[in-house]
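Engineer: Just so you know, we're using numbering that gives the first Met the number 0 here: the sequence shown kicks off at 0 and counts up by one.
One or more hints might be untrue.
Claimed, not checked - List time: in silico BS3-like cross-link candidates among lysine-lysine, alpha-carbon distance up to 25 Å:
#1 Lys107 / Lys4
#2 Lys117 / Lys44
#3 Lys4 / Lys94
#4 Lys44 / Lys91
#5 Lys91 / Lys124
#6 Lys44 / Lys124
#7 Lys139 / Lys94
#8 Lys139 / Lys124
As the list claims (entries may be wrong) - FRET-style restraints, in silico, Cβ to Cβ:
#9 Lys139 / Ile14: 18 to 26 Å
#10 Pro40 / Val90: 16 to 24 Å
#11 Gly54 / Lys16: 19 to 27 Å
#12 His46 / Ala2: 32 to 40 Å
#13 Gly31 / Gly108: 20 to 28 Å
#14 Pro40 / Ser9: 15 to 23 Å
#15 Arg109 / His46: 37 to 45 Å
#16 Gly17 / Arg81: 15 to 23 Å
Treat the hints as calculated values from the structure; they're not laboratory data.
For clarity, every value in this text was computed on a predicted model and none was experimentally measured.
Ideal Cβ placement from N, Cα and C applies to all residues, glycine included.
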Amino acid sequence: MEAHKEKILSVCNEICKGTLMETLDITYIDVGENFLLARMPVTPKVHQPDGVLHGGASVALAESVGSAASYIFLNAKEFFVRGIEISANHVKSIKEGFVYARASMLHKGRTTQLWEIKITDEEGKLISNCKLTTIALPRK
0 MEAHKEKILS
10 VCNEICKGTL
20 METLDITYID
30 VGENFLLARM
40 PVTPKVHQPD
50 GVLHGGASVA
60 LAESVGSAAS
70 YIFLNAKEFF
80 VRGIEISANH
90 VKSIKEGFVY
100 ARASMLHKGR
110 TTQLWEIKIT
120 DEEGKLISNC
130 KLTTIALPRK
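Sequences and hints are given; from them, build the entire structure.
Structural biologist: Below is the structure:
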């Protein structure tokens, strides 16, 4: 199981090269039967002007981990996945350190999936709670 987990994380991190995920320094760090976990450093690169984590960076992190989880937990050979709606409630600010985004599937339909992505700080305190709806479209 551990080798399989490392392979999944390696693929997820490899396909991020040259993308927004690389720009934001998002790294996939753990995967389980029903979740994917990523982390992102909180540095001036992702701050808003007053020096705290920008909500848009949080949403980009949430959509990245939710979409990657869809790729893992759906048959990526038969479908490609797109995010079609995302919402976020930002409940706490953070100035430095790391944030962690854990995507868990709430609903797995044939076409649409609903993900909950909790973004927490290094102490496990909730920063943002996000919901992402993805759609699985057949590859042609």
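Engineer: Evaluate each hint against the coordinates.
Structural biologist: Going through the hints against the structure:
{"no.": "1", "hint": "Lys107 / Lys4", "verdict": "21 Å, holds"}
{"no.": "2", "hint": "Lys117 / Lys44", "verdict": "21 Å, holds"}
{"no.": "3", "hint": "Lys4 / Lys94", "verdict": "31 Å, violated"}
{"no.": "4", "hint": "Lys44 / Lys91", "verdict": "19 Å, holds"}
{"no.": "5", "hint": "Lys91 / Lys124", "verdict": "8 Å, holds"}
{"no.": "6", "hint": "Lys44 / Lys124", "verdict": "22 Å, holds"}
{"no.": "7", "hint": "Lys139 / Lys94", "verdict": "45 Å, violated"}
{"no.": "8", "hint": "Lys139 / Lys124", "verdict": "43 Å, violated"}
{"no.": "9", "hint": "Lys139 / Ile14: 18 to 26 Å", "verdict": "21 Å, holds"}
{"no.": "10", "hint": "Pro40 / Val90: 16 to 24 Å", "verdict": "20 Å, holds"}
{"no.": "11", "hint": "Gly54 / Lys16: 19 to 27 Å", "verdict": "26 Å, holds"}
{"no.": "12", "hint": "His46 / Ala2: 32 to 40 Å", "verdict": "38 Å, holds"}
{"no.": "13", "hint": "Gly31 / Gly108: 20 to 28 Å", "verdict": "21 Å, holds"}
{"no.": "14", "hint": "Pro40 / Ser9: 15 to 23 Å", "verdict": "20 Å, holds"}
{"no.": "15", "hint": "Arg109 / His46: 37 to 45 Å", "verdict": "41 Å, holds"}
{"no.": "16", "hint": "Gly17 / Arg81: 15 to 23 Å", "verdict": "19 Å, holds"}
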